[in-house]
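> Given next are the chains, with one letter for each unit.
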Amino acid sequence: MEPKPYPDRHADLVKRCQQGERRAQYELYQHYVKAMYNVCLRILNHEAEAEDVLQEAFMDAFSHIGSFRGQSTFGAWLKQIVVNRAINHLRARRLELVDMESNRFGEDDGPDFADPEPYDEDGVQLEVDRVRRAMQLLPEGYRVVLSLYLFEGYDHEEIGNVLNISETTSRTQYLRGKKRLLELLN
Amino acid sequence: MKKDNLERFVRDNREDFDDKEPSVDLWKKIEAGLDKASLDNPPIVQNNGSPFVAVHKNRPASGGRQIGWPTLDWRVAASIAVLLLAGCFLYMNKQYGVTRQPELVAANPTYAKEVVQYTQLIDNKRAELKQLTEDNPALYQEFAIDLDRLENSYRALKADLPKNPNQEVLIQAMIQNLQLQINLLNEQLRVIERIKDQSHETSPV
Numbered sequence: 001m002e003p004k005p006y007p008d009r010h011a012d013l014v015k016r017c018q019q020g021e022r023r024a025q026y027e028l029y030q031h032y033v034k035a036m037y038n039v040c041l042r043i044l045n046h047e048a049e050a051e052d053v054l055q056e057a058f059m060d061a062f063s064h065i066g067s068f069r070g071q072s073t074f075g076a077w078l079k080q081i082v083v084n085r086a087i088n089h090l091r092a093r094r095l096e097l098v099d100m101e102s103n104r105f106g107e108d109d110g111p112d113f114a115d116p117e118p119y120d121e122d123g124v125q126l127e128v129d130r131v132r133r134a135m136q137l138l139p140e141g142y143r144v145v146l147s148l149y150l151f152e153g154y155d156h157e158e159i160g161n162v163l164n165i166s167e168t169t170s171r172t173q174y175l176r177g178k179k180r181l182l183e184l185l186n
Numbered sequence: 001m002k003k004d005n006l007e008r009f010v011r012d013n014r015e016d017f018d019d020k021e022p023s024v025d026l027w028k029k030i031e032a033g034l035d036k037a038s039l040d041n042p043p044i045v046q047n048n049g050s051p052f053v054a055v056h057k058n059r060p061a062s063g064g065r066q067i068g069w070p071t072l073d074w075r076v077a078a079s080i081a082v083l084l085l086a087g088c089f090l091y092m093n094k095q096y097g098v099t100r101q102p103e104l105v106a107a108n109p110t111y112a113k114e115v116v117q118y119t120q121l122i123d124n125k126r127a128e129l130k131q132l133t134e135d136n137p138a139l140y141q142e143f144a145i146d147l148d149r150l151e152n153s154y155r156a157l158k159a160d161l162p163k164n165p166n167q168e169v170l171i172q173a174m175i176q177n178l179q180l181q182i183n184l185l186n187e188q189l190r191v192i193e194r195i196k197d198q199s200h201e202t203s204p205v
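Chain order of the listed sequences is A and B.
Note that the first sequence covers residues 1 to 186 in our numbering.
Note that the second sequence covers residues 1 to 205 in our numbering.
It is worth saying that the hints were derived from the structure and are not from the lab.
Among the hints, erroneous ones may be present.
What the hints assert, rightly or not - Here are the simulated SDA-like pairs of lysine to any residue, each with C-alpha atoms no more than 20 angstroms apart in a straight line:
id: 1; chain 1: B; residue 1: K29; chain 2: A; residue 2: D52
id: 2; chain 1: B; residue 1: K29; chain 2: A; residue 2: G160
id: 3; chain 1: B; residue 1: K36; chain 2: A; residue 2: E56
id: 4; chain 1: B; residue 1: K158; chain 2: B; residue 2: Q176
id: 5; chain 1: A; residue 1: K34; chain 2: B; residue 2: N13
id: 6; chain 1: B; residue 1: K29; chain 2: A; residue 2: E127
Stated by the list, open to error - Anything over 12 angstroms on all C-beta distances counts as not near chain A; from chain B, calculated:
id: 7; residue: N13
id: 8; residue: P165
id: 9; residue: H200
Said to hold, decoys possible - One side only, chain B facing chain A, incomplete, derived with CB under 7 angstroms:
id: 10; residue: D12
id: 11; residue: D18
id: 12; residue: K20
id: 13; residue: G33
id: 14; residue: L34
id: 15; residue: A37
id: 16; residue: A81
id: 17; residue: L84
id: 18; residue: Y91
id: 19; residue: K94
id: 20; residue: L178
Ideal Cβ positions, reconstructed from N, Cα and C, are used throughout, including at glycine.
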């Protein structure tokens with residue numbers, strides 16, 4: 001008896017991939033490539049690097065698909081690989097630029113604005129494009145926490161694990177990042 | 001009470017945010033990468049690639065798992081054997097340092113064991129020293145010079161070992177050298193402790 005807590009609509013494709021069928025790999029790729037590319041792009045904020053990371057992530061996923069046991073959906077499993085790879089890429093990138101930009105995850109960025117005063121969100125013209133552009137202007141630390149929480153549905157505990165920061169740090173980073181984002185949108 | 005509009009906005013328009021497309025040749029690159037990887041290590045044959053299949057004439061048709069000798073998968077047996085061997089080797093290596101000092105083990109296993117114990121002690125103490133002098137790299141450098149001098153003469157002794165006719169004397173000299181290193185490290189650690197104590201007394205928090 002195999003427990004199937006998450007019925008996966010791609011279970012059949014996954015099975016064929018596990019047997020190494022190229023056609024099935026391509027179909028799964030087609031299903032997920034766009035969403036995963038945008039995940040990468042939001043984290044890395046750089047198109048060529050996002051593609052490189054995506055390529056590695058897919059290769060990684062297909063060559064280790066034998067270890068996928070169906071405890072989550074294939075999409076969730078794949079996204080985990082993509083996010084981890086993107087974060088690692090950011091880390092490597094930061095090692096190269098350590099002197100030029102020292103904006104680490106969880107590090108403070110400017111004065112503390114994280115007061116509980118309610119944001120004036122009604123006045124903000126929330127449009128997809130403007131939000132995206134504003135996201136791109138955020139410092140890296142804010143951008144990553146915001147995209148994981150707001151877009152990828154991670155909770156602060158998960159973000160803490162992925163970024164090696166505490167849950168509280170993730171929470172404050174998120175609040176500050178969001179505040180900054182809303183300022184940029186104003 | 002105001003609802004959190006940003007979160008809601010993103011949630012409601014989540015699909016619209018995923019509008020960028022990667023370049024079309026990305027799949028080609030992935031495919032090429034996968035091909036290369038499968039050339040490097042060919043995929044394991046999926047359907048029971050056991051070389052002994054033919055021997056078991058009446059295998060269970062369902063392929064269901066049964067505990068017991070006749071059906072024990074040869075791969076399981078092989079991996080257990082490999083693990084046991086690896087474990088033995090690791091144990092011996094830890095005790096006698098076979099890989100680190102093969103010539104010594106060949107010459108005299110009892111001494112080899114002693115040497116391993118001393119070198120481990122030295123490594124630990126050195127790590128401790130390094131940690132304690134983290135805030136004072138200059139001091140560590142000074143200590144390290146003395147230590148390196150002893151270590152170099154140890155290395156010279158070790159290099160002499162294969163061609164020396166009187167191995168026992170030489171090994172004893174090596175052990176003496178290691179003991180000297182340990183004494184020196186102990187002394188240095190004591191010095192650091194004293195420095196730390198003093199600075200604590202002079203600048204109470």
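> All hints are to be evaluated individually against the structure, with a verdict given for each.
Cross-check of the supplied hints:
Of the supplied pair hints, the one linking B:K29 and A:D52 holds, its CA atoms being roughly 10 angstroms apart against a limit of 20 angstroms. At roughly 33 angstroms between alpha-carbon atoms, B:K29 and A:G160 are farther apart than 20 angstroms, so this suggested pair is violated. Restraint check for B:K36 and A:E56: the C-alpha separation of about 13 angstroms stays at or below 20 angstroms, so the hint holds. Between the alpha carbons of B:K158 and B:Q176 the distance comes to roughly 13 angstroms, so the proposed pair stays at or under 20 angstroms and holds.
Only pairs whose Cα atoms come within 20 angstroms are accepted, and A:K34 paired with B:N13 is accepted, the gap being roughly 16 angstroms. For the given pair, B:K29 sits about 35 angstroms from A:E127 by alpha-carbon distance, which is inconsistent with the 20 angstroms threshold. In this structure B:N13 is not separated from chain A by more than 12 angstroms, as the shortest Cβ-Cβ distance comes to only about 5 angstroms. Every beta carbon of chain A lies more than 12 angstroms from that of B:P165, the smallest distance being close to 53 angstroms; the non-interface claim holds.
For B:H200, the condition that its CB be more than 12 angstroms from all CB atoms of chain A holds, with the nearest at approximately 30 angstroms. Residue-level restraint check for B:D12 is violated (minimum Cβ-Cβ distance to chain A is 10 angstroms; threshold 7 angstroms). With 7 angstroms as the threshold, the beta carbon of B:D18 comes within range of chain A, its nearest partner Cβ sitting at about 4 angstroms, so the hint holds. For B:K20, the interface hint holds, the least distance from its beta-carbon to any beta-carbon of chain A being 5 angstroms, beneath 7 angstroms.
Contact between B:G33 and chain A, as hinted, is supported at the beta carbon level, the nearest pair being about 5 angstroms apart and thus within 7 angstroms. Given hint, B:L34 at the interface with chain A, holds; its Cβ is 6 angstroms from that chain's nearest Cβ, closer than 7 angstroms. Interface restraint check for B:A37: the shortest CB-CB distance to chain A comes to about 6 angstroms, inside 7 angstroms, so the restraint holds. Look at B:A81: its Cβ only gets to about 23 angstroms from chain A, farther than 7 angstroms, so that hint breaks.
For B:L84, the interface hint is violated, the least distance from its beta-carbon to any beta-carbon of chain A being 25 angstroms, above 7 angstroms. Because the smallest distance between the Cβ of B:Y91 and any Cβ of chain A comes to about 30 angstroms, over 7 angstroms, the interface hint for this residue is violated. Of the supplied interface hints, the one on B:K94 is violated, with its beta-carbon coming no nearer than about 31 angstroms to a beta-carbon of chain A, more than 7 angstroms. Checking B:L178 against chain A by beta carbon gives a least distance of about 38 angstroms; that is not within 7 angstroms, so the hint is violated.
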